[in-house]
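Colleague: Chains as they are written, first to last, in the numbering used here: chain A, 1 to 690; chain B, 1 to 130; chain C, 1 to 230.
Because the hints were derived from the structure by calculation, they are not lab data. Backbone N, C-alpha and C define an ideal beta-carbon position, used for all residues, glycine too. Careful, some of the hints might be misleading.
To be verified - In the EDC-like style, the derived pairs of lysine to aspartate or glutamate whose C-alpha atoms are separated by at most 20 Å in a straight line are:
| # | chain 1 | residue 1 | chain 2 | residue 2 |
| --- | --- | --- | --- | --- |
| 1 | A | Lys321 | B | Glu100 |
| 2 | C | Lys198 | A | Glu394 |
| 3 | C | Lys185 | A | Glu249 |
| 4 | B | Lys18 | B | Glu96 |
| 5 | A | Lys366 | B | Asp20 |
To be verified - To be clear about the criterion: a stretch of chain A counts as covered by chain C if any three or more of its residues have a C-beta under 8 Å from a C-beta of chain C, and this derived list gives those stretches:
| # | segment |
| --- | --- |
| 6 | 301 to 309 |
| 7 | 406 to 417 |
| 8 | 456 to 462 |
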Amino acid sequence: MYGYVGKILRVNLTTRKISTINTEDYKEWGGGHGMGSAIFWDLCPDKTVDGRDPRNVITIMTSPLSGTLVPAASGRTEVQGIGIQGHPIGWYTRSNFGGRFGAQLKYAGWDGIVLEGRADKPVWIDIRNGNVKIRDGGHLWGLDTWATQEEIWQEVSDGQGFGNWVEIDSWRDRGRTTQRPAVLTIGRVGELQSPLGCLIHDAGNGAGQGGFGGVFGSKNLKAISVIGTGSIDIAHPAMLMNARLWTREKYGFNVEAPAADVGSFNFPAGPGATPYLPPGIGQRPQGCTGCHKMCRGRSAGGGNESHCVDYLFYNNYDAAKHGQITHHLLQAADLVQKAGINVYQMQTGLIWLNHLYQQGILGPGKQIDCDLPFDQLGDYVFVERMVEQIEKQEGIGKYLFKGLAQAAIDLGRYEQDLRSGILPLQEWGYSHHYDARTEVEWGYGSLLGSRDCNDHDFNVCCYWTPSICALFGAEFPVSAAELAAIIAEKCVPYSDPLMADYSDEGIYKEPMAKLVQWHRHYSNYYKQSLLFCDWAYADFVNPYAEGKKGLTGEAEPKFFTAVTGIEQSFEEGIEIGRKIWNLDRAIWALQGRHRDQEVFADYIYEVGAQPGYTTYEIPYVMPVYENGQWQYKALSGRTLDRQKVEDWKTIYYKLEGWDPNTGRPTRRTLEGLGLKEVADELEKNGKLGA
Amino acid sequence: MVQLSKPSKELVARLMKKVDYQKQLKGVIMNAMAGTIERSIYSFQDACNFLYSSSLEELQAAGGAGSIRYIDFGVLQKWLREVFGDEELATAIGQEVATEAFYGKQLPLVKKLLMQRLNQCLELTQVTHS
Amino acid sequence: MADRKRNSKEYSRRSFLKMASGTAVGLAFGGFLPRLINVDDHALIIPASEGYILVDTKKCGGCVSCMLACSLVHEGKENLSLSRIQVLQNSFEKYPNDISQEQCKQCTFPACAEACPTKALTADPTKGHVRLVDSRKCIGCMQCIQACPQQPARIQWNHEARHSQKCDLCSVTPYWEEKGGPDGKQACVAVCPFNAIKFTKEIPTQVGDFGYKVNLRKHDAWGALGLPTD
């Protein structure tokens, strides 16, 4: 096998049995998410169990591209299982993290890990090549995520330390390495099975959404460590090297001469690092295994690998209080990583609590008693107190510990605060990320799935770049018509010239449904299964490229073939994505999913621009097709029409071959995808689409 | 740049006071990858600190880490007039905004005006700020 | 003594001095001269490599693309343990101590070559005197690895093929179409996203690391990106 290493590790924590699954049995699903869903389908007979039930099956999957030179597709690892964050139901869901773990798992000889059952006491899993041991984790329980990893590093090195070649096995011919073990672990809130618990690897790689940290905690699993010295066979090594250099030359960031176009943050973007560090602090951009763009950083002042919400949840409070970013932010970022807390919930929670505080509803002795030091909001101590209260389930932490949606319910504020939007949980209890009122493909994709979709494919070219250009009066890299044409060309096989129409009419029409279709299928296969990173792919508009056409559609199949030797067209990959999407849809159907549940929070329908006032949203400039012409237009301030959304859902379900009355896959669709047994199972449970 | 006249003690007192919830100003932080984050602003000083400008080149260099602070300037003017009674500052903002067509170019001009007024207030309350 | 003679060419003192004056090796050999002087009237010289890899550890992004490229072009597979350049990192350390890049120095006096009992590791005259291993002659004694004065040793034990191997400046890369070696390209240099690895024909200072760990951040967009150039 090329790309794959042939075996998936299966660990039953109840029986402590360690066995293997042949990767070949699941190869048709690609890797990552596809394999994870297929394995979950086979090994979790009752899909309705709670996420904390020992019968929940967790998959941690790599792809054939993990650990290889494919740019921005080597470093990510996909985690799936029944989550505990989703509201009102912890759907079968997914998360994903970067760093070194997936690569090391491949070098150790494993394409993935399947976790079943529950250990009778805290344990950690020690993987050194083919040697897998379940070890006592009592001494790790209670440690933060960083201390856990450092402790495990010492144990795995057997006292040899680091900075030199280390033999990780009994003799030299099993290999030596200079690399530290890659460890995936949970913090205290995960141990306590909170939905806020996430999985952390190294300083800041996090599988944040879904509550998988709490799921690990429910299994008494503290950490998984992996170190490998093996090889990944590559079908066409020269082709892979050439392809890597081809992307560098034609599409990638050039540190000697950065491209002039603005707003790219996907494949061609420059390094991220931490641009708002306090003055005078040295830093470097840093990236996952095999990455070409290094989106995060490490600094002399801390905040290592905190580059997104793990940083942004607090930077504006720090700057507001101190006039600029200070060490308070860096300490706060490090703290939440160590605590293993989902920072999206922290960010939204802070917005919500601050609203309540400013209204005089929350505070010491108030209607909602809370002694968080709001006069010190912006200081590290505020975050420290908030984390402490969550971990100890004290004060307001007693409520936050259960997740924001449940916290709001317990405090009697769920309906009103979701209606006003001061608690912006847009769908399924997940934090508002991009706005469903304007960027509908984001909202629709999230609503039809299990969580905030976190797929930036259209976000960069259809929203960010046009909005930045509009705000600065810069020339758009491509006109709206050109953008629409590029998208239509690349979004095979659904290519529709009006797919990118975000106008007030267009967002309810069939072309938008085709865009969402393509998006779900592309994401399910290329990004979640083959693990092309969301911060690089899809690449539609690229300032370095000829005609500014990005590499999506050409690069993904090229790299897949170079690594695996399998000839597979882009369209064939999209079709595999459709199959995976339908399998997930079937799992949700078994969990009880019905179209009536697929509604946004009330504020999406009810809160828009008010005369003379801005809304939560900003000048959201996107492509629209109006009066026979394409143009970029500011769309902020609109709301979604409930009935029109329902009508759109009907269009979408029909396009997918789902029952429009329930939103569930039909037998015809499932059998057409080779999923007869799935159709049988749905029918047996009364959940098959008609 | 419009030179603002010295504010009265009463105006300074109003400008340096925190406003209650109903009179907040809404700003938004636009982030390249992390989405838009609402920011409620409860004081004039907070509004001054909230707004800072990056150039287009800085935004491009920042890639996925890029961020813009957005406040609707029409709303800002209304807030300054109705909540603080600073007609002069509101009018001056309108004049500066009218000299440029785009937000990114208007922002540094508005920021300078705001800081001019803030520093006047701070001088009068004997605190320096830059 | 006898071992060293097998690996090197004998020069008379006069011809050595002649050569030394005409090349830049004087400083490079400074630390080793006493050894050479001790050998009767003859000095033993292992010709200097015609190429070297320099790195900027403050610029490195820790992506290990160099390591992936190295094992790919040499072995046709991906394996960090088989990479002839190693990047070590600790994500909890603060910059700049979180990453180190450890490349082979192509030492002007290669202790690895001196230690090899079978002449498997030599300064190959057909490849610009790059110090490399002929795997057919390697008997797996690992003396070269132990002799390397660097930590981690810059010679790897290839546990799959069971022989030593080391950086050859991509002189022998069966899985890359580009010509390598001192007159060609190096995979790590070609693939590094930030140009944090550079090839040079000039012999770096042999004392300490500073000849090999250099600043490559001053002449591109690094500073303009707001990143430190010192």
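Colleague: Now, for every hint given, state plainly whether the structure supports it.
Modeller: Hints and how they fare:
1. A:Lys321 to B:Glu100: Violated - the C-alpha atoms of Glu100 (chain B) and Lys321 (chain A) are around 30 Å apart, more than 20 Å.
2. C:Lys198 to A:Glu394: Not OK: Lys198 (chain C) and Glu394 (chain A) at ~55 Å, beyond 20 Å, violated.
3. C:Lys185 to A:Glu249: Distance of about 15 Å is within 20 Å: holds.
4. B:Lys18 to B:Glu96: Violated - the C-alpha atoms of Glu96 (chain B) and Lys18 (chain B) are around 26 Å apart, more than 20 Å.
5. A:Lys366 to B:Asp20: Between Lys366 (chain A) and Asp20 (chain B) the Cα gap is close to 16 Å, so the pair holds against 20 Å.
6. 301 to 309: holds (count 4)
7. 406 to 417: With 0 residues close enough to chain C, the hint is violated.
8. 456 to 462: violated (count 0)
In this structure, the hints that do not hold are numbers 1, 2, 4, 7 and 8, in rising order.
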